[in-house]
Amino acid sequence: MMKRTKFGFLACYCAFLMVSCSNNLDINTNIENPTAYSFERDGVSTVSFSGQSTRIGMATELVEAMLDFDSTESLLLEMYTNETATGGDADPFSNPEYNESTKSVKSKVAASQDFFSSNTTESAIIKAEIQSWVTDQVTEVFSNENVLAEVGVAGQIADGTSVRYVNAQGLEYNQAVAKSLIGALMIDQICNNYLSPAILDAGNNVIGNDSGVVDGNNSYTTMEHKWDEAYGYLFGAATDTSNPLATLGEGVFLNKYLSRVNDDADFEGIASDIFEAFKLGRAAIVSGNYGVRDEQAEIIREQLSVVIAVRAVYYLQQGKRALDNNDYGAAFHDLSEGYGFVYSLRFIRKMESPDSYFTQSEVEEFLTTLTGGNGFWDIKASTLDEMSETIASKFNFTVAQAAE
Amino acid sequence: MKSIISLSLIVSVILLTVISCGDDEQAIEIITDKFDRQEMLIDWADLIIIPAYEAYNSSLTTLVDKKNVFITASTDDNLESLRAAYIDAYKSWQRVSMFDIGKAEEIKLRNYTNIFPTDIEAINHNISSQVYNLDLPSNYDAQGFPAIDYLLYGIADKDADINVALSKSKTLEYLSELITKLHRQSDEVLSDWKSTYRATFINNSGASATASVDKMVNDYIFYYEKFFRAGKVGIPAGVFSGSPIADAVEAPYSNIYTKELFFVAFNAVQDFYAGRSFDGNTQGESLQSYLNYMQEQNNTTDISTKISDQWTIAASAADLLSESFQDQVNTDNILMLNTYDQLQKTIILLKVDMLQALNIQVDFVDADGD
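One line per chain: the protein sequences are A and B, in this order. Counting along the first sequence from 1, when you hit position 73 you're at 73 in the numbering used here, and nothing is skipped either side. Counting along the second sequence from 1, when you hit position 315 you're at 315 in the numbering used here, and nothing is skipped either side.
Think of the hints as simulated: they come from the structure by calculation, not from any bench. Here a beta-carbon is modelled for each residue, glycine too, at the ideal position from N, C-alpha and C. Some clues are possibly wrong.
[Unchecked claim] Sample of chain B residues lacking proximity to chain A, with all beta carbon distances greater than 12 Å (derived):
id, residue
1, ILE50
2, PRO51
3, VAL64
4, GLU106
5, ASN111
6, TYR132
7, ASP141
8, THR171
9, ARG184
10, LYS226
11, GLY238
12, SER241
13, ALA317
14, GLU323
15, ASN333
16, ILE347
[As the list claims (entries may be wrong)] Keeping only pairs whose Cα atoms sit at most 27 Å apart, straight-line, the calculated BS3-like set for lysine-lysine is:
id, chain 1, residue 1, chain 2, residue 2
17, B, LYS306, B, LYS34
18, B, LYS108, B, LYS226
19, B, LYS168, A, LYS256
20, B, LYS103, A, LYS380
21, B, LYS91, B, LYS181
22, B, LYS108, A, LYS380
23, B, LYS103, B, LYS91
24, B, LYS226, B, LYS259
25, B, LYS158, B, LYS168
[Stated by the list, open to error] From chain B, some residues computed to sit far from chain A (all C-beta separations above 12 Å):
id, residue
26, THR75
27, ASN133
28, PRO137
29, THR210
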């Protein structure tokens with residue numbers, strides 16, 4: 001599995017072993033790699049990603065509110081955009097800090113430097129598509145709150161003793177939004193924005209970082225901060241953000257699904273690989289070693305891409321099995337999560353390449369296959385298998401490994 | 001969410017088994033399973049399942065009668081007879097709840113019969129608005145025995161005021177509808193067993209994920225784990241939430257029947273395992289005899305006795321509990337937790353050791369909670 005990155009990591013790990021024999025100082029690279037994601041300048045922490053924690057928090061409130069039948073369409077839209085329909089200041093959140101913030105979820109959806117700065121057309125389509133699911137939740141699903149879902153009819157459907165609310169094709173819009181944001185917001189910002197040299201090395205960042213010029217009144221250099229912002233989109237909801245592996249999986253977005261993949265024996269250790277790469281890359285920035293930094297960025301991109309792809313295949317397979325048992329409620333729930341992870345495939349990043357693993361049209365075709373016609377109501381097991389194979393074939397894992 | 005353990009895991013388990021046998025030890029030869037699965041299915045159907053449904057259905061016939069009597073004359077005596085019929089039917093239910101197969105599975109009988117804690121707000125809303133659809137999954141927890149328990153025992157603060165509150169026409173109508181629905185669904189399942197499903201069930205006697213034995217055993221363990229162990233003991237004791245939830249017990253409004261209901265269910269679990277007939281007079285082929293057979297054939301460790309021994313220990317732990325689990329949770333939750341722990345100890349035996357011995361794959365995993 002993933003020989004190349006494993007090997008890369010192995011090299012790092014060996015370096016790390018040497019480090020541990022010499023007060024954490026790698027004699028070859030001069031990088032001081034701490035055991036926790038904790039960095040200081042003159043005794044003051046230089047790690048900061050409050051903006052990422054805020055957006056994760058806003059997104060969390062949004063997806064929760066999408067299942068609260070008292071939510072109005074305008075409230076949900078305000079949670080997505082953090083402004084009123086006419087662009088005024090809105091206070092849709094229960095957390096007052098989010099209301100004071102001028103940040104929003106929508107502004108960072110499909111908004112990375114590498115993928116979308118010169119592709120604003122697609123960016124606008126993605127932003128609008130996710131927004132349409134928010135709207136449709138109210139107009140299609142909330143309005144059928146007390147209707148039993150059937151082919152072509154939105155409403156409720158039982159999943160065990162739980163109740164799921166689906167559209168006419170069987171899709172839970174709340175799941176589509178939550179899981180698509182993992183790709184469109186978090187993965188895109190991490191892999192295609194903050195870990196990119198275009199951002200890390202922008203302007204005078206390299207000179208500034210080399211000479212320790214801090215960003216305004218802050219304690220960090222701009223480059224340090226950019227790297228931390230990538231880290232924050234993954235681990236910003238952790239209890240102890242300097243040691244997120246201790247309580248891996250907190251929150252409802254990327255961290256949670258990293259934990260799920262890490263729990264699969266076939267991918268055990270992936271969370272630690274990613275964390276170590278983040279930490280070593282950050283330490284490399286402190287030491288001014290940009291070669292090591294970029295190697296770590298590649299590891300992170302590759303491994304996070306694996307997380308999304310594994311999860312997409314996992315849910316397609318879970319959905320298939322539930323359909324085999326005629327358990328439509330369970331199947332639709334799995335397929336709804338799968339739909340969001342498939343949507344997220346658009347944003348994952350090939351190693352040492354400017355491209356995504358999947359083109360816009362490839363992902364579009366997957367999505368149309370899933371929800372076209374009567375959608376989940378009449379999707380075939382063979383179709384789900386083919387899609388799973390197509391996804392897995394781009395990686396060094398099998399459908400069976402992902403499906404556990 | 002159900003899922004099947006993937007082939008690769010099975011393969012790796014097999015590999016592991018092979019490896020652990022080692023080169024120099026005598027490899028254990030797995031003798032072909034010649035146990036008569038169909039005979040066991042026939043015994044299950046004729047000695048246990050169908051008689052249990054017949055008893056359940058007849059207890060509901062009585063409940064419908066007593067309800068009708070109460071509607072005609074809402075006297076305190078008639079309320080007491082109605083309550084007695086309710087408890088009787090609720091106890092009968094405990095003997096069929098685990099058989100979530102065939103028509104019961106199709107119509108989601110258990111979801112409409114015994115999802116608790118019940119949703120008082122939804123019940124009161126349904127009663128006052130008179131606009132509701134009991135078929136909706138969102139109304140699972142506004143019907144069945146838990147809702148009836150509330151109506152018969154909890155609808156007024158003081159017991160003396162219940163008759164008056166219950167006798168209001170909208171409330172009576174709702175109660176009536178709940179009881180009628182229980183009876184209708186029970187009828188449907190019983191007649192399906194008697195007309196066509198018995199044959200389907202006993203003839204699907206192979207060994208595969210969709211065979212009757214594999215399905216029934218999975219349903220049985222799922223019931224034991226989720227509805228019996230967790231639902232009746234673990235959740236109110238706070239095993240999954242960290243702090244006790246006294247209101248989450250079964251039948252909290254009548255209050256004094258929780259232990260009784262628990263033990264009927266526990267006996268049903270043990271009787272099914274041991275193949276004891278519903279009338280208690282005979283013992284048929286069962287998981288226990290199947291396990292004994294396989295143990296003898298393969299000369300492997302005695303799992304079957306371990307399981308029944310552990311249940312004896314769990315029963316002694318539960319004996320110490322108060323008639324009201326709600327009171328128990330509030331006064332001394334340690335005893336509840338201890339009962340849970342003893343019940344939990346059979347999970348590994350059932351789900352791993354027994355299934356391995358019988359070569360049955362688990363077809364469910366815990367939902368991932370999102």
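Taking the hints in turn, this is what the structure says about them:
no.: 1; hint: ILE50; in the structure: holds, 24 Å
no.: 2; hint: PRO51; in the structure: holds, 27 Å
no.: 3; hint: VAL64; in the structure: holds, 26 Å
no.: 4; hint: GLU106; in the structure: violated, 9 Å
no.: 5; hint: ASN111; in the structure: violated, 6 Å
no.: 6; hint: TYR132; in the structure: violated, 8 Å
no.: 7; hint: ASP141; in the structure: violated, 8 Å
no.: 8; hint: THR171; in the structure: holds, 21 Å
no.: 9; hint: ARG184; in the structure: holds, 18 Å
no.: 10; hint: LYS226; in the structure: violated, 9 Å
no.: 11; hint: GLY238; in the structure: holds, 19 Å
no.: 12; hint: SER241; in the structure: holds, 17 Å
no.: 13; hint: ALA317; in the structure: holds, 27 Å
no.: 14; hint: GLU323; in the structure: holds, 27 Å
no.: 15; hint: ASN333; in the structure: holds, 25 Å
no.: 16; hint: ILE347; in the structure: holds, 19 Å
no.: 17; hint: B:LYS306 to B:LYS34; in the structure: holds, 23 Å
no.: 18; hint: B:LYS108 to B:LYS226; in the structure: holds, 16 Å
no.: 19; hint: B:LYS168 to A:LYS256; in the structure: violated, 50 Å
no.: 20; hint: B:LYS103 to A:LYS380; in the structure: holds, 25 Å
no.: 21; hint: B:LYS91 to B:LYS181; in the structure: holds, 17 Å
no.: 22; hint: B:LYS108 to A:LYS380; in the structure: holds, 24 Å
no.: 23; hint: B:LYS103 to B:LYS91; in the structure: holds, 21 Å
no.: 24; hint: B:LYS226 to B:LYS259; in the structure: holds, 18 Å
no.: 25; hint: B:LYS158 to B:LYS168; in the structure: holds, 16 Å
no.: 26; hint: THR75; in the structure: holds, 37 Å
no.: 27; hint: ASN133; in the structure: violated, 6 Å
no.: 28; hint: PRO137; in the structure: violated, 4 Å
no.: 29; hint: THR210; in the structure: violated, 9 Å
Against the hints set out earlier in the document, violations occur for numbers 4, 5, 6, 7, 10, 19, 27, 28, 29.
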